[in-house]
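The listed protein sequences correspond, in order, to chains A and B. Note that my numbering gives residue 251 to position 251 of the first sequence, counting from 1, and the numbers run on in steps of one. Note that my numbering gives residue 440 to position 13 of the second sequence, counting from 1, and the numbers run on in steps of one.
One should not assume that every hint holds.
DSS-like cross-link-like pairs, simulated, lysine-lysine; straight-line CA separation at most 27 Å [said to hold, decoys possible]:
hint	chain 1	residue 1	chain 2	residue 2
1	B	LYS530	A	LYS16
2	B	LYS503	A	LYS256
3	B	LYS530	A	LYS13
4	A	LYS21	B	LYS452
5	A	LYS256	B	LYS477
6	B	LYS477	B	LYS503
These are calculated hints, taken from the structure and not from any lab test.
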Amino acid sequence: MRPVYMISGGITKFKKAHPDKDFRFMVKEAFDYAMTGLPLLKADMIDGSVGSYFSDHFTRQLKAASMVQDYLGLCPRPSKRVEGGGATGGLCFQAAWESIASGRMKVCLAFGFETMSRVSTWKGNEFIAHASDTNFDYPVGGFYTGYYAMMVRRHMHEFGTTVEQMAMVSIKNHKNAVYNPYAQSPMELTIEDVRRSLMVATPLTMLDICQMSDGAAVAILASEEVAGRVCHRPVKITGVGCGTDSMRMADRPRGKVILLPHEREEDYKELEYPGVHSFRGGRMAAKLAYEMAGIRNPIEELDFIELHDAYTSSEIQTYEDLGLCRYGEGGRFVEEGTPFMPGIDYGLKLPKQGTIPVNPSGGLLAFGHPVGATGLMQAVMAFWQLQGTIEKHLGNDKLQVKGARRGLIHSHAGTGTYITASILEAV
Amino acid sequence: MPEEFKLPETEEGTVLFNIDPIIIKDHYEIDYIHSYAQDSPFFAGLSKGKLLGSRCTGCGYRYATPRCHCMQCGKKTEWFELPLEGTVHTYTTCYFGGEAFIKETPFTLVLVEFPGVDTFLLSRLIGVKPEEVKIGMQVKARFLRLSKFRATDVYFVSAEETCRK
Ligand SMILES: [Zn+2]
């Protein structure tokens with residue numbers, strides 16, 4: 001495998017609706033931003049692309065990625081579309097990585113978008129629910145928030161996780177977004193605000209859940225030779241991992257924890273794993289990415305994380321899958337302030353604030369979740385963090401993780417059916 | 428005189444939301460011809476008041492939600508009758524949902540756990556107040572008399588309530 005670098009990225013603002021620009025124009029805007037930032041890279045040096053969007057229901061335009069390919073002027077070069085639910089963006093990023101690592105391409109464009117404003121929020125939820133078994137799950141009341149609510153109810157039962165701890169994730173990510181002009185939902189919240197907002201599926205309220213979004217993002221990946229030639233601060237992709245689980249949550253087995261190097265079997269004597277409270281696919285993705293990057297203790301060896309917080313609860317579940325804390329400790333991990341940004345006043349007492357910032361961008365909860373763009377947005381944010389260029393791109397440096405050397409991005413589909421983890425490092 | 432070609436005009440208009448940019452209503456619907464294929468016996472079972480699960484002929488793994496081949500070992504499964512009573516493994520009450528289900532809200536979803544069975548069944552719980560649902564609660568299956576051949580032909584009610592009465 002050849003080393004792979006990220007050399008540029010671009011994002012549109014994530015919004016409830018972008019009716020003035022269709023998906024092609026949105027991607028073009030993000031693409032032009034990425035190209036403008038890298039004048040030595042000429043468009044004819046791009047060998048091909050990987051396109052990412054989740055739902056043909058939302059676009060009602062099959063082969064929409066082909067339309068982006070021609071709009072960007074990349075025909076007749078190679079391209080393909082990648083689709084894997086919520087993890088579409090993460091899978092797209094890794095597919096572009098594969099193109100470079102294999103030697104097939106020297107420069108590969110990963111682009112992603114989603115246009116969810118084309119239907120009402122509740123029709124959108126119906127579309128998304130079709131990403132559950134349509135014989136056995138969807139007809140019973142297909143609703144992803146309902147599925148995640150059942151998962152966290154079990155997490156609360158197993159580990160004592162509280163709704164207040166979940167609300168703290170919402171406070172953190174919405175407040176981070178205040179400093180991110182690309183973000184859809186910047187807000188300053190209290191625990192009471194989160195708990196008093198509309199109940200959607202017990203115990204998850206409207207402020208525990210990400211919203212529907214329109215938006216696009218691109219990441220440009222390159223070989224070492226090209227990266228060295230055109231980019232003065234490339235970022236190396238040192239680890240990629242992916243994991244899966246059964247489509248039906250009802251089918252999740254109850255066995256032994258997949259251990260990370262810093263964990264021992266005795267830590268989990270009583271735990272039936274993954275059950276419906278944990279994401280086995282997320283643990284597998286993390287394990288593979290850590291092995292490739294040579295990471296043995298993630299919380300000590302990573303400087304920040306952008307993870308797939310479609311729900312406050314799934315952010316807590318994911319701390320555990322990624323091994324930032326032990327299974328069962330995710331609630332306390334946020335309560336102590338560990339994943340909060342340093343130097344921002346959240347209105348909370350946070351003894352361990354700033355230990356390892358999680359979702360400095362605002363995450364899906366507050367940045368937004370135009371599904372096919374989301375995993376690539378994470379890559380762009382991680383790229384800017386590792387370049388130390390957050391201030392240049394966001395207009396302020398509040399979200400810059402000082403001296404960031406290594407970050408992880410995490411993309412997640414379904415009830416945990418496809419999950420990717422990728423490690424990026426400053427060079 | 429040369430013949431003039433002209434499309435006939437119609438009076439069906441377009442629902443217009445906005446003109447800059449132009450945003451219109453664009454209708455789309457479809458009926459699928461859907462086969463339950465190898466899962467058909469489960470739905471036939473519901474119409475007879477039976478819950479059918481799958482038991483692996485290779486490793487013996489028992490599935491409460493059926494599948495024709497075992498995801499542990501790949502061998503074919505055989506049908507077996509699930510008990511009609513189980514416990515609540517986890518639950519939620521949905522106050523919103525996909526558009527198709529909005530009119531049914533609020534409804535309570537449960538994953539039902541059956542003794543001696545390795546996986547769960549997703550179903551609805553009826554007749555229990557949201558705040559009274561508990562993990563570990565005993566529940567029993569009820570079936571629609573007029574089957575619709577849908578997973579919702581079965582639903583659950585509290586078995587504890589009935590015991591007390
Ligand atoms: Zn088997």
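Verification of the supplied hints:
A hinted pair counts as satisfied when its Cα atoms are at most 27 Å apart, and B:LYS530 with A:LYS16 qualifies at roughly 25 Å. At most 27 Å may separate the alpha-carbon atoms for a hinted pair to count; B:LYS503 and A:LYS256 meet this at roughly 25 Å. About 34 Å separates the Cα atoms of B:LYS530 and A:LYS13, which puts this hinted pair outside 27 Å; it is violated. Proposed proximity of A:LYS21 and B:LYS452 is supported: the alpha carbons are some 17 Å apart, at most 27 Å.
Between A:LYS256 and B:LYS477 the alpha-carbon distance is near 33 Å, which puts this suggested pair outside the 27 Å criterion. For the suggested pair B:LYS477 and B:LYS503, the alpha carbons sit about 21 Å apart, so the restraint of at most 27 Å is met.
In summary, the numbered hints that this structure violates are 3 and 5.
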